[in-house]
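Chains A and B, in that order, are what the protein sequence lines are. Numbers in the numbering used here are just positions in the first sequence, counted from 1, shifted up by 83. Numbers in the numbering used here are just positions in the second sequence, counted from 1, shifted up by 1408.
These are computed hints drawn from the structure, not numbers from a lab. Take these hints with a grain of salt, some might be off.
With a straight-line cut-off of 25 Å between C-alpha atoms, the simulated BS3-like cross-links for lysine-lysine are [stated by the list, open to error]: (1) A/Lys125 x B/Lys1796; (2) A/Lys380 x B/Lys1461; (3) B/Lys1681 x A/Lys125; (4) A/Lys380 x B/Lys1470; (5) A/Lys125 x B/Lys1792.
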Amino acid sequence: MWHITKREIYDNLNSLRFALTTVLLLALMVTNAVKHLREHPKRVQRYQDAVTESLNHLTDRANDSLYTLAQYGPGNFYKKPSPLHFCANGGEFLLPDAVEVDEPPVFMTDSEGNRLLEGIWSLSYPDANLHNKDVGPNVSQVDWAFIIGSILSLIALWFTFDAFSGEREQGTLRLMLANSIPRHTVLIGKFLGALLSISIPFALAVLVNLLLISTADTVYLTTEAWGRLGIIFALALLYTSLFVALGLLVSARVQQSAVSLMILLLMWVTLVVFMPSTLASIASSFSPAMSFDEFWKQRNPIKEDLWDKYKEGLWSSELDDSKLRAKSEFYTENAEREERWQEEQLKYRTSQVHRARAITSISPATLLQHLIESFAGTGFERHLQFAENVQRYTRQLREFVADTDRADPESLHILGVREGMSKKLVNPAAVPKFEDTLNLSKDFNTTAMELLLLTLFVLVLLSGAYLAFVRVEV
Amino acid sequence: MITTLIGRELLNNLMTFRFAAALFITLLLVVANTVVLIKDYEQRLESYNASVKTHHQEIREKQTYSAGEVEVDRPPNPLSIFNVGLDKRLGNEIWISHNYVPTLWEARMNASDNPYLNILSSIDIVFIFEVVLSLMALLFAYDALAGEREQGTLRLVLTHPIRRGHILLAKYISAMLCLLVPLLLSLLFALILLTTTTSISLEADDFLRIGGIVLTSIAYLSVFYLIGLLISAVTQRTGTALMLAMFVWGALVLVYPNLILAAIRSSDIPQAKAVSTFNQIKQVWDEFDRERKQYLATDDFPGEDPTFNINGMGFFYEHFPEDPLTLLYFYYSMMTFGELDEKFEREVPHAQNYFRFLIPSTIKTAERAWLLRKQALEDTLVRKSNMKRTLLKLSPVGMYDAATQAWAGTDLKGVRDFFNAVRQYRQTVIDYLDSKNAFASRKWFAADEGAVDWSTLPAFSFKRSGIETNAKRALPDLLLLLTVNLLLFMIIFLIFIKSEV
């Protein structure tokens, strides 16, 4: 078997396609690295500036008083750019990069502008970053996901379309099988030979790419990032073996190599180019998006209901704790409802995207795209993780405010109202800070399904190739 | 003689598996996608109609002239089904005001659907042709000469007294005829689907535009067939020819467009020129602001209060919105009251005088700023994107895309036609207000003597540019494609004439 593999590799190494493949992959990977080195520092700078600004807001408010912190909350939250952005861009430019903290609403002021009835901060999820300022041609990305998903799969077919049909045409297949080599050994030898010969130029291109990126002092890759890169490389090999198996399968069944290539190309075009987009469009038109107006209509009754609930408490003329308490409850509940409404909108939209993505998972190219995205820490799932991180942090911050207030015996413990809260100074260093983190084991969990599906595809195609080759007449 | 050759080639091509496969896959993809694309267009049309209705209602509810902010919407282009271009991407809702001259950069997306769905990729009919037809053309061509050479039939044919040029021509014509079948048939299906959809109303011009797209598609198809033929002419073996053809296809269709866009530096830092223009625009408005304050200081009313102490149910605000990236800077103010207390009656004439001065002055300053801004935007944002487009045209894919966008009217120029119409409409609105003497009237800021009657406000309407304009825009790229065709054919001819069989 090793003999066959070795022979295959030698055959391929000397061929024209090997040279062309190497050139193509190197050009793509170098462009990818150069682009990343050019853009990533800017992205990081933008993120850091934004984070510093919102941290300053937080410190200022904490310095002012516990009440200000409770009412105005922290500054906006920003999504940390992934250092592995070059692996998969994941449509990041279409996703929002922040969760915003809405300023407290003011419901009523007196003639001097004193606030009689206001509210407290709440989270809001802005719409996607629409790039309608850019009038250039439609954006396209040379990221690893594109290089592996489209180019490497094409190369895999390019290396295997004549694996059996070519040898059959030349008559060498009969010769080889005349020796006492079992057919499955031939198949595995061919499979490994093709996979290894593709891996050589790919590994070379990846090495050059990573060398360029890791030696630049503007970009820093952590150990975890290297681990993720390793996983992505393994994914690339898994995905390539899928197309190698497909090539072998078709090549074993078809008599002429030209016909075999034609079938393979048509399959490739369908699987890689058209299935992801057509299925996505079909899936998204199944469940039409709820319009903004409809969401707005759902929101209004919630608001009115709230007014009715607190009307009496808020307008009672006595100036005692119960009025403050009513105010506090009104503020908190208003913010809660606002936030819940926002979250529901996000959930609705998310479920729509998830449905569309689930349907497109029939295509291995989409599976790979999703997998690389989640390991690179970009894309839609990452965005949801970011939103979740923000939600967790806000709970933590609200608890901190409540705890600090509780620790002060002089306070009335009525949150959200100046008269009812602790007057003691807050140490800004003690306030919890938001940190946007990525979790590798969590990524594994969310992608387990897709990983299994991709492996299943490979196994099915491999056994298909085996059955086809074992039963074929030479 | 040549007809016999064509007949033979035609039969050879028609009875092959690749012809059946090409036909099947093109039909399947085009029909499936057309259905989806029509549905998408209908959704956009629906949200456009809803938005127009809302804006129409909103303006009629405004009580004063000052509060009357006119919003106009960009209708979706039905030909975006063929090539979507910029139609879906650029903003489709724009606010018109006398304070500034609007451009496409101020347009917003109307927030009617789920913006997260944009991360899923979508395609149009031209993209299908771009990928599938080019592949088909290469698959039909790679063995045209190399295959016959391998089988020895080429030598046999050449023993007859036939000119080599005729053989080439016969091969070209017959293969093109075969390739036209899937192209035209799938377009026919798409057209049937389009015309039977009631929500899409195509004008006579649209059919001519579609005709232009078909013509461009044929030229594009022919370029790839000739590339295949060239490869076939220079290689000895079909295996090598096939391999090379695939490489060229991958390089031209997949790699080059992506690579070139990624390679161009796209900076978002405003260039020095943009910064200086922005400062100039600011200066123009500062000058305006000085004059405004000067007026307030010297008028009959004491103090510099732009509200003249008028207060009541309503609001007043003024600020200078700015966006350095798109060089936007202007003065924006609004003063509008529903009811006015009688005690303000003395101040009202002062306010009227002020607005009689302020609004024409604002309009004039806006024009001055626009002259500066127009040139700078052209130099920074538009030129850069046009450079990218030009570089894309080094591959036939880029030429094809540009030409079909121009036919469909979804290219930058086509979308900008809309914004030109918007700027004209802004002038119409200003003229209308002027004719009503709105700037100096009490109704500019107060509705106590009755609300403004908006029913005579001229409505906005936008008609896509005529077919001649589309043709003029598409022609350079179409001619480029045809030139490439001619060049390739000549090269193949020369090589084939000189080659040993």
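Hints, verified against the model:
With a C-alpha separation of about 22 Å, the suggested pair A/Lys125 and B/Lys1796 falls inside the 25 Å cut-off, and the hint holds. The straight-line distance between the Cα atoms of A/Lys380 and B/Lys1461 is roughly 17 Å, inside the 25 Å bound, and the hint therefore holds. A hinted pair counts as satisfied when its Cα atoms are at most 25 Å apart, and B/Lys1681 with A/Lys125 qualifies at roughly 21 Å. The suggested pairing of A/Lys380 with B/Lys1470 holds, with an alpha-carbon distance near 22 Å, which does not exceed 25 Å.
Between A/Lys125 and B/Lys1792, the direct Cα distance comes to roughly 20 Å. Compliance with the 25 Å bound is thereby established for this hinted pair.
Every hint, counting from the list given before, is met by this structure.
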